[in-house]
Amino acid sequence: AQKITQTQPGMFVQEKEAVTLDCTYDTSDPSYGLFWYKQPSSGEMIFLIYQGSYDQQNATEGRYSLNFQKARKSANLVISASQLGDSAMYFCAMRGKGGGADGLTFGKGTHLIIQP
Amino acid sequence: NAGVTQTPKFQVLKTGQSMTLQCAQDMNHEYMSWYRQDPGMGLRLIHYSVGAGITDQGEVPNGYNVSRSTTEDFPLRLLSAAPSQTSVYFCASRDNGVSGNTIYFGEGSWLTVV
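Which chain is which? The protein sequence lines are A and B, in order.
Counting from 1, one number per residue, gives the positions in the first sequence under my numbering.
Counting from 1, one number per residue, gives the positions in the second sequence under my numbering.
A couple of the hints might just be wrong.
[Claimed, not checked] Here are a few chain A residues that sit away from chain B, every Cβ distance over 10 Å (derived from the structure):
hint, residue
1, Phe12
2, Lys16
3, Ser28
4, Pro30
5, Phe35
6, Asn58
7, Ser65
8, Lys70
9, Arg72
10, Ser74
11, Ser80
12, Gly85
13, Ser87
14, Ala93
15, Gly103
16, Thr105
[What the hints assert, rightly or not] Cβ pair distances, simulated, as ranges:
hint, chain 1, residue 1, chain 2, residue 2, range
17, A, Asp29, B, Asp38, 35 to 45 Å
18, A, Asp29, B, Gly3, 34 to 44 Å
19, B, Gln57, A, Pro30, 37 to 47 Å
20, B, Val88, A, Ile113, 19 to 29 Å
21, B, Thr102, A, Gln8, 19 to 29 Å
22, A, Ile113, B, Trp110, 21 to 31 Å
23, B, Pro83, A, Gly62, 17 to 27 Å
24, A, Gln57, B, Ser80, 49 to 59 Å
25, A, Ser41, B, Pro83, 16 to 26 Å
26, A, Glu61, B, Thr20, 32 to 42 Å
27, B, Ser84, A, Ser28, 24 to 34 Å
28, A, Gln8, B, Gly3, 24 to 34 Å
29, A, Ser28, B, Pro83, 33 to 43 Å
In case anyone wonders, no lab produced these hints; they're calculated from the structure.
Backbone N, C-alpha and C define an ideal beta-carbon position, used for all residues, glycine too.
Let the hints inform the model, and build the full structure from the sequences given.
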């Protein structure tokens, strides 16, 4: 079975600081994908970044980067120069073939609050 | 550019009633899925489909039925609503090609069962 663990229920960060949101995963699949989503208070799920298990380089998308450490089974999200609009819930998720389901397994999320 | 459209956005049901949450996508995606999100939790997979006529169960399928008669539509049916089904429901889709790592979510449907 696949499992995603996010150990930070909530974080307070000062505006313009860098933020690291932790994510560890467990899977027996050799091929998998890791995702980060942002969910603002309005409720929609916004895709941020994707990392494939065979990708050699860490994924980057603008201010977002994914610190992928395969041996440690971790996929931390790094947000550089945080902004007030970054305040939201952040979910780490994994897609693989575990259990035959081609869906995403989500962590419980981290509530990030950016303070001015 | 509609993307993934869910209806209704809000619904209140009485225990034992049945209803259907509609999901439609206009991107010709093969993969569609339904998730539920409970307070303090991430999304959990209910059912998914890898193409028209093919559906399968996810992590929490009990109490829900799905069908996929067309590529565009993937309705979720609650047969006899229970208070435990009070949740926010998300429909998602992706294609099976190179860009299949981008999963598109609908805006969510807030369901309350009283």
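> Can you name, in rising order, the numbers of the hints this structure does not satisfy?
Replying inline: Hints 5, 14, 15, 16, 17, 18, 19, 23 are the ones this structure does not satisfy, whereas the remaining hints hold.
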